[in-house]
Each structure stands twice: as structure tokens, then as C-alpha cells.
Amino acid sequence: MNENKRHLIENLMADYSAAIDSKDLERWPELFTEDGRYRVTNSEDYNQGYQHGAIWANSRGMLRDRISALREANVYEEQRYRHVSDAARLITEDEQNGTITVSSNFIVVRTMHTGDTQLFASGMYIDRIKFQDDSALFAERIVVCDSQKIDTLLAIPL
Amino acid sequence: MTEIIAKSSGVHWPSDKVTTIPYSVYTDEAQYHLEHEKIFKGATWNYLCLAAELPDPGSYFVSQIGETPIIVTRDLDGELNAFVNRCSHRGSLLCLKKSGKAENLTCVYHAWSFNLKGDLDGVAFQRGVKRQGGMPEHFCKGDHNLRKLRVTEFSGLVFGSFSDDAPEIEEYLGSEISSRIRRVLKKPLRIIGHNTQILNNNWKLYFENAKDSYHASILHTFFTTFEINRLNQQGGIIVDSSGGHHVSYSMIDPSLSNEVYGNQNIRSAKDEYRLADWSLLESIDEYGDGVTLQILTVFPGLVLQQIHNAIAVRQIVPTSVDTTELVWTYIGFEDDDDAMIERRLKQANLVGPAGFISMEDGAVGNFVQRGIAGTDEDVSVVMMGGESAESQPFRATETSVRGFWKKYRSLMEGIVPNA
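The listed protein sequences correspond, in order, to chains A and B.
Heads up: the first sequence at position 88 corresponds to 88 in my numbering, and the numbers run straight through without jumps.
Heads up: the second sequence at position 311 corresponds to 311 in my numbering, and the numbers run straight through without jumps.
Derived by calculation from the structure, the hints in this document are not laboratory data.
Be careful, since some hints might not be right.
[Stated by the list, open to error] Far from chain B, by Cβ distances over 10 angstroms, these chain A residues were calculated: (1) 27; (2) 40; (3) 57; (4) 142.
[Said to hold, decoys possible] Incomplete in silico selection of chain A near chain B, CB under 7 angstroms: (5) 69; (6) 72; (7) 154.
These figures come from a predicted structure and were not determined experimentally.
The C-beta atom is built at its ideal place from N, Cα and C for all residues, glycine as well.
With the hints as constraints, model all of the structure from the sequences given.
Right, here's the structure in full:
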């Protein structure tokens, strides 16, 4: 992974957290490729090879639908996230497809409108990154939560 | 209000009907304690797990009935067993892992060991060390087996009971509920994933919610917001004679021809479709009966759900008077092809803790729990669709919620209420 690619990945990661944490949710799907995949799973299911995701998408359209449902249809108390993640570690580099697979750790703190703050999720991102023009996009982001338990509901994506 | 006719612990029922529910039933610690005796350890069958979680002789799986920890095993003869996950010596949890394989179960504390039928096999230092100590002569291992439950399997669902009074499972379920379970779980299952939703409310608020067809199109607006014409012209509620179990279903009007709607039961005319990727809702009629939604409950803690091709079992596990865990297991069938699996994975977005049409259910019980805080005297009202708990050919009703209270009060008070 050359310095330029590392730089692009760092920017992508930062954009991702900022889009969600600042509630600029419409920006979130745009960080994925057209056929980008996204899945929220847990380490038990992931290690056993189960494919299910609490959120499961294999297109940018599905991600957009997730956001429009949050905006227009779903009912949930006002809340916001704070992402903290560490540097991406290289897993594999696929020279032929021009993709890089990296992983990083994350925690998400959720604050409700009531002021109640809790550690909502911790885990690992496993990302396949694609480079287009002078930017990086997620071809796939698998969110592997450490715990199988989700408090109350998972509205905003992790 | 009428005179108080029944009182169990701190809960005062205003009448012998099931149309007014005292809020204290969700907050009273003594009531919660009594539920363990009368309901979870009473004449009921409690869902434990899928038989598919115990694929081989030696498989074990940890579950719960009420707050009581339970181990389910498939013994070396291939038979299912269930017992309390508690060493008969000093009460330590015996099995510390959620699932796995073992030839016997040995307590980490003093190494008492049990076979997979729950019988005490070995006591460490039973004869003492160097002829000192050890168990008295009259100590008999057979008197110290694990606390065993009755266990039964129905269509791949494993149930346990503490009580000899629970009738055989098919009688317990009744013929209509039995056949509706068989309909969904019609062939060997394949598990496709799990998660657990923490509900910050009393367990009954979730069970009622699952039985409540009145709220469905009001709280969950995903389908209406996206103008998805579901074409589900028919539906209804089946409540079993005990009241405790129910089925809510909707189906395509059979008078509409297949040519018109094909297999895509819920896809609307394209011009009004507002989803960017409609493949989420591309379902097939895998049961061949036009039923697009079937929510089924088994008292006191199981929900079996078929929403198009999204199939799941939900186990309701109380963890305190005002907290509950909802254990979701998402399933398909062994013979699903890749396209079917992908369909199920996509449609699973509709349900679960992040489900487009179910995430609200994780929160609404907590809205009630917070709303009733500090209230001992008030009641909720359950009168939609009448005062009884019979099957009804429409869904704007609370009949199955009344059914729940009919069964609940029957067990708690020993008298069948007026419903």
C-alpha cells in the first residue's frame, strides 16, 4: 500500500465517521461503490460463517433506501453517535482488481436526546477499498461487532 | 370501577375481564417473582432453542426459562435433554459456554461431573484423600442429579417444561397453531444468523406487542411511506382456546389471478415505487398459499415469524422485572439455493433490531415502561375488537392481546377470566 493510497483510505475513514456523527447521513451511501456491500454482524456469527446482517446491503441503492427510511418512515428517539476508530491495518492488496482490504477497530458511543450516553458498540471494520479517480470508496464494509447484543434498536448505521 | 376481584402480589385487577390491565403488572417485583412459579415453572412449554442448534450427539446449547439458566443437550443416544444449568453440589453455573460439544459436563468449582442426560457421574475425592475426608457412606449419587425438565421437539423447535401438568405439546398448542407452525417449518432448517435485542421493558410488553395487530400499520410506517401496495386484501387472527397462542396473517386475495401479480406479492406499480433498490422486496411465494405474513406466538415466550421470505424465531427472555432480551435466530432451509439465501438476507432488513418494519418494537415497550413509572393505580385499555379473545377475520383488533391476559390470569390466579 503506497502512501497515496494510505492517505486516501484515511480520508475515506474520516469522511465515514464524520458523515454519520454529524448526521449528514445522505453522504454515507456515496462513500460506497455502486455495487458496494455493507453488513452489520457480530463476531460469533462472523466466525461461524453466518451471512446474516442486522443491516445487509449489496448496492448503494439499498444504502440510500436505509437512509430515506430513517428520515421518512422509521420511528426512533433522537440520538447521535460518536465514532472513534484507529488506523487501518493492511490485510491484503489485490493488485489485479486494484482493491485493498484493511481492518480497523472502532467504538461507537450513543447519546440520546435525554442526555443518556452509553457505549453502544465496539468491534472491527473489515473493508475492501476501491480506488476511483483520486478517491477511495468502500467496495465492502463489514461491521463485526464484538457483542451479539444491540440495545433497543439499531437505527443509524454503525 | 368494580370491586377488586383478584389480587396476586401487589397487582389489583379491577374486574374479572381482560379489557383493563393494571400497569403494576409490568413493574411489581413480587408479581415478577410469582410469574416464575406460576408461568415459567408452571404448566407451560417454554421455547428453548432450535433442534438445529444441537446437530450431533454431544451437542449442548445454553438457554433460559424465565431467569432460570437451562442447558439443552443431545446425548450420546441422540435424545434431547434439558436441565437447569446449575451444579447440584453448590449451585455454580455448570456450563459456561453458550454452545459446544462435550461428552460430559464438569463443574469448574469442585469437578462434579454429569452425563448428558443430567445424571451425576463423578464426585471428586468421593472417597477422600489418603482415607481422610470424602463423602459419607450413605451419599448416593443418584440423589444428586441435575434438576431435569421435560423436553419435547415440535417441527424443529425445542421446548422445555418444569411441570408434569403441561399437556403434550400438540395439545398445548392446539391444532390450528400446530398446523401453522408446521406450515412455516416444513423442512430441515438452516440457521443463517443470530442477534439479541436488549429491550428495556418488562417481558410481557414485548409479548403483547408481538400479538398486537392493531399497531402494525400505525407504528411501522415503512410500507405505507414508500407507497408499497401490499395487495394483501385478506387477513385475520387465530387465537387458540387457551388464549395464550395466536397467529396473525395476511394473504393475497385469492380472487386476484396469478397472472396479474405473479410471484412479486408486494411490489407496487413501478411509477409509485419510491425505493432506490426494489430488490429488497422481491419475494417468492415459497409456501404456495399466498400468505405473505404470518406472525405466530406460543405462550409464554416464542414468536415465529414469516414475513415474505424472512423467517425467524424470537425467544423472549426476561432478565429483570423491567429488562428483557429478545433472542433472534434467522433461518432458511437446508435446500435453499444461493438466490434464495440472498433473498432471505435482503428481506432480513425488514426485521430484527435494525428492521425497517420492526425496529420500533424495540423501543415502544420502553416508552410504556417509562410512561407508567411511578404509577400503581392506573390501567391500560384493551377493547379494540370487543371484550373476548376469539379468532377474528380482521386485524384491527386486540383479540390476541386479550388472549394473552386470559392465559396469564388463568395461570396466575387459577381461575379463567371472563373473556
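To see whether the hints hold, each was checked on the structure:
The beta carbon of residue 27 (chain A) is kept farther than 10 angstroms from every beta carbon of chain B, the shortest such distance being approximately 15 angstroms. Its beta-carbon lying about 7 angstroms from the closest one in chain B, residue 40 (chain A) breaks the requirement of being farther than 10 angstroms from that chain. Separation of residue 57 (chain A) from chain B is inadequate, the least Cβ-Cβ distance of about 8 angstroms not exceeding the 10 angstroms criterion. The non-interface label for residue 142 (chain A) is consistent with chain B: the shortest C-beta to C-beta separation is roughly 13 angstroms, beyond 10 angstroms.
With 7 angstroms as the threshold, the beta carbon of residue 69 (chain A) comes within range of chain B, its nearest partner Cβ sitting at about 5 angstroms, so the hint holds. Given hint, residue 72 (chain A) at the interface with chain B, holds; its Cβ is 5 angstroms from that chain's nearest Cβ, closer than 7 angstroms. The interface hint given for residue 154 (chain A) holds, since its Cβ lies 4 angstroms from the closest Cβ of chain B, which is under the 7 angstroms cut-off.
Going through the hint list in order, the structure does not satisfy hints 2, 3.
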